[in-house]
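K.L.:
Sequence:
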Amino acid sequence: MSSRTSRYYVALVFGKPYAVIIGLLLVVAFFAWHAQDFRLDASADSLLLEDDPDLEFSREVNFRYGARDSVTVAYTPEGDLFTRPELNKLAALRDDLLAVEQVQSVDSILNVPVFEDTPLTGISEDYLTVVDEEIDLAAAREEIMSNPVFRNAVISPDGTTAGMLVSFFVDETARDLLVQRSELRAKRRAGTLTGEEAGELARVESEYDEYSVFVADRQHETIGTIRTILDNYRDGATIYLGGAPMIADDLVTFVRGDLTSFSFAVLILIVFALGLIFRKLRFVALPLVCCAVAGTIMVGMLGLMDWRVTVVSSNFI
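According to my numbering, the residues represented by the sequence shown are 1417 to 1733, in order.
Source of the hints: derived by calculation from the structure; they are not laboratory data. C-beta: ideal position from N, C-alpha, C; glycine also. There could be a bad hint or two in this list.
Unchecked claim - Pair ranges (Cβ atoms, derived):
| no. | residue 1 | residue 2 | range |
| --- | --- | --- | --- |
| 1 | 1699 | 1723 | 31 to 39 Å |
| 2 | 1504 | 1472 | 40 to 48 Å |
| 3 | 1588 | 1565 | 40 to 48 Å |
| 4 | 1634 | 1598 | 16 to 24 Å |
Given only the sequences and the hints, what does the whole structure look like? Please build it.
P.N.:
Structure below.
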C-alpha cells in the first residue's frame, strides 16, 4: 500500500470511525437482504458443462420420444402380494399418488394386462387386470412374473416386490424455454447468431433461470408430498422411493443440512481455539465478526448476481 493511500486510509478509518461503521453496516445489510436469494442447484445445468454433447443428446432424445420425469416406488408387503387385501392396499396407494397435483400416471402390476383370462376379442380394449375380481390371482402371478417386459419392471423376480412408476406432467413452459435456449446457443457456437438473436438469448436465459427456481421449489414440494403418502402405508410393508428427481432434491436437502451442521461445528472450534490462544473476549469476538461480515457479503453477492452454487462447490462456505 502506498504512503498516500495509507495516510488516506488511516485518516478515514480512525478519523471518522462512526461513519465507517455505519457505512459498513449498510453494506452488510444490503448483502444480507440479497442472501435470501442464495440458492443451491443440483440440476444438470449446474453439474455438467454448458454445451456438454451428451447432455444435449439426452435432451434431444427426451424431446423426440416424450420422456417424462418420474420416480419409482418399491412396495414389499409382509404378506403375499397377490392377495386381495394386499392388492387393495396397493390400489389405495396408487389412488393417493394419482391425487398429487403434478402426478400424471402411476404404472404398476395393477394396470398391466393379464391375457390368460382375457377373451381374444377384448385384448385390444377391455383387457383384464389383477384388480378384476374374476381374475385367477395364481395364474396372474405366473403370467406377470414370466413376462420379460414386466419382470424387473413392475415386479421383482421373486414376486414379492411391486414396482410403481410415478410419472409427472411435462412442464411445457420449461420445455419450450429449454428448446429455445438450446437452439440459440447452437447458433452462437456456430457463429451465426445475429444481434437480435443475442438479445433474445439473453432474455430466454433469464426467463429459464427464473422459472427453474419455481420448478425446483415445486418439485421439492411434490417429492415431500409423495414421501408423506408413502409413510401412511409403511405399516405392514417396506417401501422405498427412488428416481433422478428424488436424488436431485435429496442432494440439495442433504448439502443444506450439512452446511448448517458443519458451520456450527466450525464456529465452536474457532471460538475454542481463539479463546484458548488469546484468552481475551475481544480477540475472540473481532475475528468472528470479520468472518460473519465477509461470509454475509459473499453469500449476498452470489444471491444478487444469481450465481447458483452446486452441491460440489457449496463447501466454500
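K.L.:
Each of the hints needs a verdict: does it hold here or not?
P.N.:
Taking the hints in turn, this is what the structure says about them:
1. The hinted range of 31 to 39 Å is satisfied by residue 1699 and residue 1723, whose Cβ atoms lie roughly 34 Å apart.
2. Under the hint 40 to 48 Å, the C-beta atoms of residue 1504 and residue 1472, about 46 Å apart, fit the expected range.
3. Judged by the Cβ atoms, the range 40 to 48 Å given for residue 1588 and residue 1565 is violated: they are separated by roughly 30 Å.
4. Between residue 1634 and residue 1598 the CB atoms are about 22 Å apart, so this pair conforms to the stated range of 16 to 24 Å.
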